[in-house]
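Asks: Read off the chains here:
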Amino acid sequence: MKTILAILFFLVMVSLYIVLYLMNKRTPLPEGCENLKADCEGCHDYSCTNNPAHYRKKETDQ
Amino acid sequence: MNRWKNFKAGLIKDNPVFSLYLGICSTLAITTTVNNAIGMGAAVIMVLILSNVIISCIRKITPDEIRIPVYIVIIASLVTIIQMLIQAFAPSLNDSLGVFIPLIVVNCIILGRAEAFASKNNVLDSAIDGLGMGLGYTLAVVVMSFLRELLATGGCTITNPFNVSQVLFSFSIIPEEYTISMFGSSVGAFVTFAILAAVVALMKNKEADHIALEEKEAKKKEMEAKKAAALEAKKGAKAV
Amino acid sequence: MIRELCTLLVTSVLINNAILNQFLGMCPFMGVSKKRNSALGMGVAVVFVIVVASIVTYALYYLVLVPLHIEYMKLITFILVIASLVQLCEMFIKKTSPSLYKSLGVYLPLITTNCVVLNCCLANISNGYGIAQMLVYSIGTPLGFALVLYIFSSIRERLETSEVPRSFLGNPIALIVAAIMAMAFSGLAGIV
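Chains as they are written, first to last, in the numbering used here: chain D, 1 to 62; chain P, 1 to 240; chain R, 1 to 192.
It is worth saying that the hints were derived from the structure and are not from the lab. Only true hints are included.
Calculated lysine to aspartate or glutamate pairs in the EDC-like style (CA-CA distance at most 20 Å, straight line): (1) R:K94 x D:E31; (2) P:K13 x P:D209; (3) P:K204 x P:E215; (4) P:K220 x P:D209; (5) R:K74 x P:D95; (6) D:K2 x R:E71; (7) P:K227 x P:E217; (8) R:K35 x R:E160; (9) D:K25 x P:E65; (10) R:K95 x D:E31; (11) P:K235 x P:E224; (12) P:K120 x P:D14; (13) D:K25 x P:D64; (14) P:K120 x P:E65; (15) P:K120 x P:D64; (16) P:K227 x P:E215; (17) P:K221 x P:E232; (18) P:K220 x P:E232; (19) R:K102 x D:E31; (20) P:K8 x P:E207; (21) P:K226 x P:E214.
Predicted model only: the values in this text are computed from it and were never measured.
Isolated chain D (complex conformation) (with noise of 0.2 Å):
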């Protein structure tokens, strides 16, 4: 009973935090602020919404 909760805790957590990521994503950027990038070349911080890497195209099958 306890695991059967921890996993349906589990799954509420990510999914939240999934749908939530996907919203953030297609909320288009206010007028002015396309732009905006923090001087961070010395982070290759991949979490951060901010790194290149979350707007990469599918690459084409090599």
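With the hints as your guide, set chains P and R onto chain D.
Replies: What follows is chains P and R alone, placed relative to chain D:
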């Protein structure tokens, strides 16, 4: 061959810590003793290999748009598992590494390799990349912790992580009056890291200079050869 | 009680500083410290996210995880809560206040997997803090972070124009600066 090259790059030239500046937080914090460094290195290697393998396995069925959230969830689950294992089998290591085991989740190396390598390559290559990068991290923390422990306590002790009372290896060369306790504190961490990073930068710069020099010479030779060919052609034209 | 809370505040801001003593949040510390303005933006964003994340994770732990006896889900829950919160905040700011987004928006997503946030949420639980202590600790920690980040970025701006040996260019010399700052801050340990 290519695989071996990939593997070797992670060790020194593209060392995740001193060259790419990934995962600095844990590096600075846990390098007080060689013991901690080895334990942390092992934990990072395990998480890195497992996450790379899993992410590479599911790379074709992960929706592209939400892949980074998916990676974060996978890595967090893996770290929870590893943390429980360490708590169960090496409790003293768990105490000395403290919060830095759960913080492996936010270690940039792991998510970085998942996104930059494992999401595009097959399972075997990803596992090798994980091992190489993990060993690079381990090498970095072990070297740094060795220097710090040596300077701060005058010697170095390695114990069995599963049974603390069993000392595997121990030596002491600097007499107590000459040890510098500063290297055990945060100041020493920053200084040691800066110096090691500078050494790696020096090596990289030298290599870059060498390559630039070679290119220059090659260009010079090419120019000379061209000149000679032009001269030859002129001579030939005159003779005709 | 008040005295204790004040001690906790001073300790978390100055003595047990997130960057210089606990080495947390080194990524933004090295990455977003080249200009004073971005350091300020990052600092404000961190304070905001940590306070909100601490309250939410604290409530979730004691209201959901403990009654259900699934405390071992702590780590994974917290990271998901922090990540979701950051997305929510970003979306909220995008929709409601473009001017605020202009000054803070870039720094919010950087915090998703910032160790300071996760560590603060975990420490609230593992130190067994009550609600008041939790609030003080989760305000003090990011304040200390922001303070050091701002001082560091001011020094780094001057560093840009100074002559540095080639091997130390960039991050190594910045780490030396951090070492000197850590030395200065360690002198404050006598306050409490």
